[in-house]
Amino acid sequence: MRRPATLRRMLAVARAEWRHNYRDARSLAIVIALPVFLLLIYGYGINLDLRDLPFAVQDLDRTEQSADFVNRLVRSGYFTLARAIQDTREIDSVIEVGAVRFVLVIPHGFGGDLASGRPAQVQVVLDGGDSATASVALGYLQALVGDHSIHLARRWAMRHGLPASAVEPALRVVPRVLYNPELRSVNFIVPGLIAVILTLLAALLTSGCIVREREGGSFEALAASPIAPIEIVLGKLLPYAVISFVDIVLCMVVGRLLFGVAPMGDKALLLGLSLIYLIASLSIGLLVSSLARSHQVATLIAFLATVLPSLLVSGFAFPVRSMPVALQAIAQIIPATHFLIIIRAIYLKGAGVSAFAPRVAALAAMALALVLLTVRTFRKRLE
Amino acid sequence: MADAPRAAVVVEDLTKRFRDFVAVDHLSFTIAEGEVFGFLGPNGAGKSTTIRMLCGLLLPSEGRAQVAGLDVARETEALRRQIGYMPQLFSLYPDLTSVENLEFYAGLYGLRQPSLGTRIEELVVRLDLEAVRGQLTGTLSTGWRQRVALACAIIHEPPILFLDEPTSGVDPAVRQQFWNLIGDLAAEGTTVLVTTHLMEEAERCARLAMIDRGRLIALDTPQALRDGLQGLLYEIDADPLLPALEALASAPFVMDAALSGATVRVRVAEMGISREAAIRDALAAAQVNVVDIRAGEPSLEDVFISLVGDREEASAR
Numbered sequence: 001m002r003r004p005a006t007l008r009r010m011l012a013v014a015r016a017e018w019r020h021n022y023r024d025a026r027s028l029a030i031v032i033a034l035p036v037f038l039l040l041i042y043g044y045g046i047n048l049d050l051r052d053l054p055f056a057v058q059d060l061d062r063t064e065q066s067a068d069f070v071n072r073l074v075r076s077g078y079f080t081l082a083r084a085i086q087d088t089r090e091i092d093s094v095i096e097v098g099a100v101r102f103v104l105v106i107p108h109g110f111g112g113d114l115a116s117g118r119p120a121q122v123q124v125v126l127d128g129g130d131s132a133t134a135s136v137a138l139g140y141l142q143a144l145v146g147d148h149s150i151h152l153a154r155r156w157a158m159r160h161g162l163p164a165s166a167v168e169p170a171l172r173v174v175p176r177v178l179y180n181p182e183l184r185s186v187n188f189i190v191p192g193l194i195a196v197i198l199t200l201l202a203a204l205l206t207s208g209c210i211v212r213e214r215e216g217g218s219f220e221a222l223a224a225s226p227i228a229p230i231e232i233v234l235g236k237l238l239p240y241a242v243i244s245f246v247d248i249v250l251c252m253v254v255g256r257l258l259f260g261v262a263p264m265g266d267k268a269l270l271l272g273l274s275l276i277y278l279i280a281s282l283s284i285g286l287l288v289s290s291l292a293r294s295h296q297v298a299t300l301i302a303f304l305a306t307v308l309p310s311l312l313v314s315g316f317a318f319p320v321r322s323m324p325v326a327l328q329a330i331a332q333i334i335p336a337t338h339f340l341i342i343i344r345a346i347y348l349k350g351a352g353v354s355a356f357a358p359r360v361a362a363l364a365a366m367a368l369a370l371v372l373l374t375v376r377t378f379r380k381r382l383e
Numbered sequence: 384m385a386d387a388p389r390a391a392v393v394v395e396d397l398t399k400r401f402r403d404f405v406a407v408d409h410l411s412f413t414i415a416e417g418e419v420f421g422f423l424g425p426n427g428a429g430k431s432t433t434i435r436m437l438c439g440l441l442l443p444s445e446g447r448a449q450v451a452g453l454d455v456a457r458e459t460e461a462l463r464r465q466i467g468y469m470p471q472l473f474s475l476y477p478d479l480t481s482v483e484n485l486e487f488y489a490g491l492y493g494l495r496q497p498s499l500g501t502r503i504e505e506l507v508v509r510l511d512l513e514a515v516r517g518q519l520t521g522t523l524s525t526g527w528r529q530r531v532a533l534a535c536a537i538i539h540e541p542p543i544l545f546l547d548e549p550t551s552g553v554d555p556a557v558r559q560q561f562w563n564l565i566g567d568l569a570a571e572g573t574t575v576l577v578t579t580h581l582m583e584e585a586e587r588c589a590r591l592a593m594i595d596r597g598r599l600i601a602l603d604t605p606q607a608l609r610d611g612l613q614g615l616l617y618e619i620d621a622d623p624l625l626p627a628l629e630a631l632a633s634a635p636f637v638m639d640a641a642l643s644g645a646t647v648r649v650r651v652a653e654m655g656i657s658r659e660a661a662i663r664d665a666l667a668a669a670q671v672n673v674v675d676i677r678a679g680e681p682s683l684e685d686v687f688i689s690l691v692g693d694r695e696e697a698s699a700r
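Protein chains in written order, with our numbering: chain C, 1 to 383; chain F, 384 to 700.
Rather than coming from a laboratory, the hints here were simulated on the basis of the structure.
Worth double-checking, as some hints may not be accurate.
Selected chain F positions facing chain C (Cβ under 8 Å, derived; list incomplete) [unchecked claim]:
(1) Cys-438
(2) Leu-440
(3) Leu-441
(4) Leu-442
(5) Glu-445
(6) Gly-446
(7) Glu-460
(8) Phe-473
(9) Leu-475
(10) Gly-490
(11) Arg-495
(12) Trp-562
(13) Val-673
(14) Val-674
(15) Ile-676
As the structure is a prediction and not an experimental result, all values here were calculated from the model.
Beta carbons are placed, not taken as given, at the ideal position from N, Cα and C, and that holds for glycine.
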């Protein structure tokens, strides 16, 4: 096959870069171990679901009704009864040592009140030190108490020959959650995590690859050759696009195997759009690499320019809409913001291109602009 | 002058400043096609900076230069197709093998198969690289590295070749091989500009430019440079050595005095008489024991020292 000279020059750069990577054990480790490692840590670490939260009970009532109520909490699966407390003074200590996250106090007369149709009260002592868990736990508890009340009221009505509707609350919210019906937080976290991991990898991979040559002597011989900046830039991007493309597949497989999270939508579409995102992210690293004076500075700047915004501003951790206006504007010029919307839409909603076409356009425009900017600012001189 | 060789490199008033420092100061010279042109001068004289300007890697602050008829500042990319460049620093990829580095440069210059493979094998034979063809260049000794780097610089058979200290850190046998190859390339029509600070290498150049602190101080064939040296040369073995050098350097009839190994070389004004007695008197006055005095043959080093000495006297005045 007769390839044009420009392609041969580009491929020469790509091939050298590829060889450089597979000879370097450290970059192989980054490419394969890092995504899996991060997915494991964050996938298991960032779990917003409530499961088996330990609690203690001080049952001062000791009736059939109080046992029935505690049973309901345990059966829900959200809470585990870790211990029963006899003495009120123990409440503080079990929370303080972290043995339980809350203590349920059932007062004298709880069963009697319920049996005679009077409202009864329970007390919950929560560990507010971890306010996020405390508020989630409180929400679940209130919902369970509500359910239990309705259940008791129905029984009371039946026993007194009244229709069940007589005791139903006037208004009830029946939520129907779309796209993530079980509200499992990993379904939401894993796709976002894949986006962040790809951003991190892209920055790590390309931020060194031009400045490293300048620090060594190879840049001088490269720059004195007739290769054009665009051939260098595309030649450097190509192997890293392949490597990070393998990584997104790796992330998707790990997400599926370990967390049971798979895209509802078209996987091929997702992979295709990821490639656009990768080109944008890799170009940022390359741009930094061609402008920076040293490898360390390049890595640091690339990290600040890609990973931090993708973690904080893109909507990965905090919804963009609840940010100050200035940050929202910044979010719009970060590729990760758009990719997050796309990857979550495909993962959770099974959406097609029509649902996020403007995001795809924005991403493609950014990728193109970044490649062109890198080419334009690339200097084949030493000063 | 119909059959005068065409100029491969034309340099006029070429100047490079880095802030206040003048690295290259109004250099002018012309290199003919097929000529081996030497750049001789100490480290920091501006040799590398000049070559980098000729490769389009640095922009001249002043003056002009043409390589293969192309302006170095304005026609840089076209110029780069005509040149091969071997930088002074180790420029190979250390984690690629010798042949992989050759493949990289072959690709950079757009060579294609099958001529690419043939050309690489040709260079492996010509530079004797068979033993290290599959070895990572980062693990090679300096001599091998320089050979691979030279092969990379000439892989595309450039009409003009810039070699910046190609033999630094190389043992004499390999150095000999390098210069034989440079001679062969020139015989085939390649123009070679080579820098060195070794006098014995400079002898092998067709013409020599002596550079000191950015300025051209002499430009001629090695023979003509030596012939132009004024005065008589003496080599003196003395003990102790340094007081001998000091005593001779301050003697009024001595033009230059310098150490060459364990010998003091002095150049004295020619007055039609032997200066041996005067040298002995001067050394005796300094209480130095003279072991031997003999007449010396002028070397390029003597030429360089005399020219630098003249410049220093001129600037001191």
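Q) Tell me, which hint numbers fail for this structure? A) Structure breaks hints 5, 6, 12, 13, 14 and 15.
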